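Asks: Generate the whole structure from the sequences, applying the supplied hints.
Sequences listed follow chains A and B, in order.
Note that my numbering has the first sequence beginning at 1, numbered continuously upward.
Note that my numbering has the second sequence beginning at 1, numbered continuously upward.
No lab work stands behind these hints, which were simulated from the structure alone.
Check each hint, because a few of them may be wrong.
List time: in silico DMTMM-like cross-link candidates among lysine to aspartate or glutamate, alpha-carbon distance up to 20 Å [claimed, not checked]: (1) B:Lys526 - B:Glu735; (2) B:Lys739 - A:Glu62; (3) A:Lys210 - B:Asp191; (4) B:Lys672 - A:Glu62; (5) A:Lys212 - B:Asp191; (6) A:Lys215 - B:Glu735; (7) B:Lys691 - A:Glu207; (8) B:Lys594 - A:Glu62.
Given the structure is predicted, the values throughout are model-derived calculations rather than measurements.
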Amino acid sequence: MELSDNIFIFQKGFNYSQDGPGNRLVYHLCGCNLKCPWCSNPEGMTLTEKAEKLSVTDIVKEALSCRMMFIDGGGVTLTGGEVTCQKPAVLNLIKALKENNLHTCIETNASITDCEEIFSEVDYMIADFKSPFPDKLKAVTGADINIIKNNLLYRAKTGKPLLIRIPLINSFNASPEDAVAFADFFEFLQKESNNDNLFFEILTYHEYGKEKYEKLGKEYTVCDGFVTDNDVKALAKEIKKRNLKLINT
Amino acid sequence: MYKFNPQLTTEKAKLLFKEERAINHLEGWFIVKEKEQKADEKYSDLAPTRRAAEKFREAVKVLPLSISDNAIFAGTQRDAFARSYALINPSFRVETFAGYCDPTAVYDDITPTEEFTKERIDALRELDKKTDYVKALSRVYEKCETLTGEVAFFIEQVTGHLIPDMRYALKNGIKAMLNDIEEKQKTANKDQYENYEAMKVALDCALILAKRYKEIAEEKLAVAEGNRKEELKLLVDTLEKVPENGAETLYEAIQSFIILWETMCLEQAPNPFAFSVGNADRIFEPYRAKDTLSREETAALFKHFLVFFNVADRSWAISQNLIVSGRDKNGNDLTNPSTYALLDAYYEMNLPQPILSVKLHKNTPQKLYEELGRFLFTPGCLTPSFFNDDSLYQVLSKAGIDIDDIEDTSIAGCQEPLIMGKDNGNTTNSWFNLGKVLELTLNNGYSTITGEKIGTVCEETDALSALKNIRERFYKNAQYFCDEMVKAANGASRAISHLPVPFLSTVMGGIESGYDTRDINNQGTKYNGSGCLIHGTSVVADSFIAIDKLINERPEDAQNLLDALKCNFEGYEELREFLLSAPKFGNNIDVIDKETAELTSKIADMVRAQKNYLGNNFRPDFSTPSTHLLYGYWVGALPCGRKSRDMLNYGVDPLYGEAQNGLGFRTLSLMKLPFDKMCGGYASHFGIDPKYFSSNNYEGKGVEFRDKVMKPLFFNELNENVSPFYLYVNVTTAEILKKVLAEPKKYAPSGVYIMRIHGTFVNFLDLSPAIQQDIIRRLDPASTAVTC
Numbered sequence: 001m002e003l004s005d006n007i008f009i010f011q012k013g014f015n016y017s018q019d020g021p022g023n024r025l026v027y028h029l030c031g032c033n034l035k036c037p038w039c040s041n042p043e044g045m046t047l048t049e050k051a052e053k054l055s056v057t058d059i060v061k062e063a064l065s066c067r068m069m070f071i072d073g074g075g076v077t078l079t080g081g082e083v084t085c086q087k088p089a090v091l092n093l094i095k096a097l098k099e100n101n102l103h104t105c106i107e108t109n110a111s112i113t114d115c116e117e118i119f120s121e122v123d124y125m126i127a128d129f130k131s132p133f134p135d136k137l138k139a140v141t142g143a144d145i146n147i148i149k150n151n152l153l154y155r156a157k158t159g160k161p162l163l164i165r166i167p168l169i170n171s172f173n174a175s176p177e178d179a180v181a182f183a184d185f186f187e188f189l190q191k192e193s194n195n196d197n198l199f200f201e202i203l204t205y206h207e208y209g210k211e212k213y214e215k216l217g218k219e220y221t222v223c224d225g226f227v228t229d230n231d232v233k234a235l236a237k238e239i240k241k242r243n244l245k246l247i248n249t
Numbered sequence: 001m002y003k004f005n006p007q008l009t010t011e012k013a014k015l016l017f018k019e020e021r022a023i024n025h026l027e028g029w030f031i032v033k034e035k036e037q038k039a040d041e042k043y044s045d046l047a048p049t050r051r052a053a054e055k056f057r058e059a060v061k062v063l064p065l066s067i068s069d070n071a072i073f074a075g076t077q078r079d080a081f082a083r084s085y086a087l088i089n090p091s092f093r094v095e096t097f098a099g100y101c102d103p104t105a106v107y108d109d110i111t112p113t114e115e116f117t118k119e120r121i122d123a124l125r126e127l128d129k130k131t132d133y134v135k136a137l138s139r140v141y142e143k144c145e146t147l148t149g150e151v152a153f154f155i156e157q158v159t160g161h162l163i164p165d166m167r168y169a170l171k172n173g174i175k176a177m178l179n180d181i182e183e184k185q186k187t188a189n190k191d192q193y194e195n196y197e198a199m200k201v202a203l204d205c206a207l208i209l210a211k212r213y214k215e216i217a218e219e220k221l222a223v224a225e226g227n228r229k230e231e232l233k234l235l236v237d238t239l240e241k242v243p244e245n246g247a248e249t250l251y252e253a254i255q256s257f258i259i260l261w262e263t264m265c266l267e268q269a270p271n272p273f274a275f276s277v278g279n280a281d282r283i284f285e286p287y288r289a290k291d292t293l294s295r296e297e298t299a300a301l302f303k304h305f306l307v308f309f310n311v312a313d314r315s316w317a318i319s320q321n322l323i324v325s326g327r328d329k330n331g332n333d334l335t336n337p338s339t340y341a342l343l344d345a346y347y348e349m350n351l352p353q354p355i356l357s358v359k360l361h362k363n364t365p366q367k368l369y370e371e372l373g374r375f376l377f378t379p380g381c382l383t384p385s386f387f388n389d390d391s392l393y394q395v396l397s398k399a400g401i402d403i404d405d406i407e408d409t410s411i412a413g414c415q416e417p418l419i420m421g422k423d424n425g426n427t428t429n430s431w432f433n434l435g436k437v438l439e440l441t442l443n444n445g446y447s448t449i450t451g452e453k454i455g456t457v458c459e460e461t462d463a464l465s466a467l468k469n470i471r472e473r474f475y476k477n478a479q480y481f482c483d484e485m486v487k488a489a490n491g492a493s494r495a496i497s498h499l500p501v502p503f504l505s506t507v508m509g510g511i512e513s514g515y516d517t518r519d520i521n522n523q524g525t526k527y528n529g530s531g532c533l534i535h536g537t538s539v540v541a542d543s544f545i546a547i548d549k550l551i552n553e554r555p556e557d558a559q560n561l562l563d564a565l566k567c568n569f570e571g572y573e574e575l576r577e578f579l580l581s582a583p584k585f586g587n588n589i590d591v592i593d594k595e596t597a598e599l600t601s602k603i604a605d606m607v608r609a610q611k612n613y614l615g616n617n618f619r620p621d622f623s624t625p626s627t628h629l630l631y632g633y634w635v636g637a638l639p640c641g642r643k644s645r646d647m648l649n650y651g652v653d654p655l656y657g658e659a660q661n662g663l664g665f666r667t668l669s670l671m672k673l674p675f676d677k678m679c680g681g682y683a684s685h686f687g688i689d690p691k692y693f694s695s696n697n698y699e700g701k702g703v704e705f706r707d708k709v710m711k712p713l714f715f716n717e718l719n720e721n722v723s724p725f726y727l728y729v730n731v732t733t734a735e736i737l738k739k740v741l742a743e744p745k746k747y748a749p750s751g752v753y754i755m756r757i758h759g760t761f762v763n764f765l766d767l768s769p770a771i772q773q774d775i776i777r778r779l780d781p782a783s784t785a786v787t788c
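Replies: Structure follows, in structure tokens:
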């Protein structure tokens, strides 16, 4: 069996609508190229011994046996960690799932290059856009904004559904300047792609992952990341002002 | 008419509940029984139903009555109950539980006082022992003692556990019922005629109670002032009118209901557990609508109605179910303003009784889910049981219920679906322990717990053959124990027929049929059956698959397995690990899920084929109301790796700890079970961590709950089988409950922290420690995890 036939995961389970349309079987893939301090799944940042190795065939088989759960247009979602860290196998898996008429979705940070085939193949794509300011983004998460922008534009131009999510975090990306810069880029994306299936969603900061850091012996460095209703409203206002599709999943 | 101020009325309801919780002794039932006993000879010449009614009337005339200053309605069911129910008794121990088979054990539940002396209590106990009922029942128990001793099965006489249909009585009054009876008597045969006479006397008991309460209210009125004077005036006027005449306002309807309910419970004192209200929102909505009461005003009256169901310090009248919402036969939603007012009353009062159930269907309005969110996500708040009304239509019509009657399906006790006023299900008549049957099958009829010979109908053979043929041998024994169980169960039903229930019969179709609900020769109620609660499906199926694995991979260990079971795996830890590694139900693994479905189906058919005392079929009910714990205590180690005396699986659920892959996979396994065959009901529980629901308000969380939990399970358009129709949940974590136990004053300042233990909810703090720990263990978070 080739390496590209194996997927390494640290968690799996079902969720409704928050990881793609309908009810979905979600696989959390190991490994991430970024280091976002608020990450709610820090256990998935690296590929550890605890990871479970599943072949593409195993996952397809399992997904088929779960078909009954894929109500309301559901299917399989691959998330992370960062799915594109395992891109050859992920591409194989997406193709295999689609061959079996299963709906596919990925959640990605879109910060890795050479993923075009995945981004054009997958039925539904959810991507984070964490900051419109290159330096801040690089310093806090390690991501290169140009790669992300290129990837998002690539996907948007395919005409397939793309949901861009902004994890809104106090003192990182929740200022009025951020709101305008976010919305300006989104407007550009919409105009450039003319994609009717381009959606945006604001996620407010939470600390679901905080306990996990303690268990892993890692330091949780975000202090006071919670945003106010006004912060959310300000960004929502900028997005809506530009006639973009803001949704809540 | 006097208008109740919602806020003041609510305050009074809370004070009334507080008063009730302060009562730590119950003697009313004793007075009723004593009076009936004394009157026995006086009426000895009468037919049994008539004699029962006359004796009851004597008791009702002298039973001490009162009306609290905080009450807006008159009536209590306190005098029908003793402080008996084991699971909320602090001194309860799993080790000593012996069921409720000794009808004279209730005399141990009254503390002697100056008035109720030990001699007086003992004297009545001795007289009771000589009654036909107790003698007949004792004979039944003696006969099956060997088989019930370690609970291969258990049987009981069923009291309560029915759902009267009060609607006719509320609307038309007792006067109309008496007229109906007179009319029926014109064409009645001799037996029916006597039964009708008995029903007339029994109905008179309700009128006597109303009259006596009215007199008390009048006395209070004479010295009352201000608002209270107005309230008492209304109470007097109302008791003058109902239940004799039809009710017109919501207040009158509730008052009438309370008197009828009190009479019904007193007739079966002591301890008619699990009488249920039925579709309460539909019962009361016509009166509310006529009154044009606001939601707040309606809720205020319902708060007093709910307090009525709570008896004394631990709400001893248990498992009284009240159901709301649902659909008609065409799929139209039947939610109405009274539904929401009842929910408001429930939420604000948060009482241990009556337990709330909700019928959902695919067209249930989103608003109902939104309104249910607060129950699910407020810590320590009661949560409703959920029923899938779409499935119930399929299950019950297959079981022979007329389609027009199914709209009136409601829940008796925990989760048994019955038709309001038309269905005498004898729901808890028999209890079948498949875990014990497997243990006996593997050990040639001997208990591995005590070494006692209990029984088997399989011939002795070598270990490997016994294991290879385990299914055949198990089902053969199951049939044997099932047959014996049914004989005993029918004996118990015949024994209880010595205690006719003419009042209950008037709200269970008796006026139509002319026969008593408990009649064993003529069917008094439209539908009749007997229940069988089946225990241990998944541990037995898991065991079959573990045995297969052993035979395939290490057949040389066949004898070792049997030896290991005898000594509870001591010294066989490696073998146990091997057995535990076999596939387990609840993880969407086809081989074991199919085995569990097949076992469930076969046992359901076996039970369904059995006939009760009237020749009607038994009803398979896969629920284990804490008996998974109590009966598990009598089951030795099993091949699935479960250790001796550990609990059995709960209801149709996987054994705790065996489902490791989260909610979706567990749901998929569940959906493979033959729910269409579970016409007696079943139980299933999800312990869900609140962290999986991210909405920032209760309404949003309620909708999330619909989408993540209920929709895939109940209303799954991709499921071609009959969908599951029951679920109860506890939305909490073990950590939260441990904190509540450690610091009850901090986490439950009111002293009430409601949790569900099975079909019923209870005050978590009232429970015996064994049951508290059971709840914590069965939250089983790995089995219900949602990814996030």
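Asks: Run every hint past the structure and note whether it holds.
Replies: How the hints compare with the structure:
1. B:Lys526 - B:Glu735: violated (48 Å)
2. B:Lys739 - A:Glu62: violated (38 Å)
3. A:Lys210 - B:Asp191: violated (74 Å)
4. B:Lys672 - A:Glu62: Roughly 16 Å between the alpha carbons, so the hint for Lys672 of chain B and Glu62 of chain A holds.
5. A:Lys212 - B:Asp191: violated (73 Å)
6. A:Lys215 - B:Glu735: Given pair Lys215 of chain A, Glu735 of chain B holds - Cα atoms ~16 Å apart, limit 20 Å.
7. B:Lys691 - A:Glu207: holds (11 Å)
8. B:Lys594 - A:Glu62: holds (16 Å)
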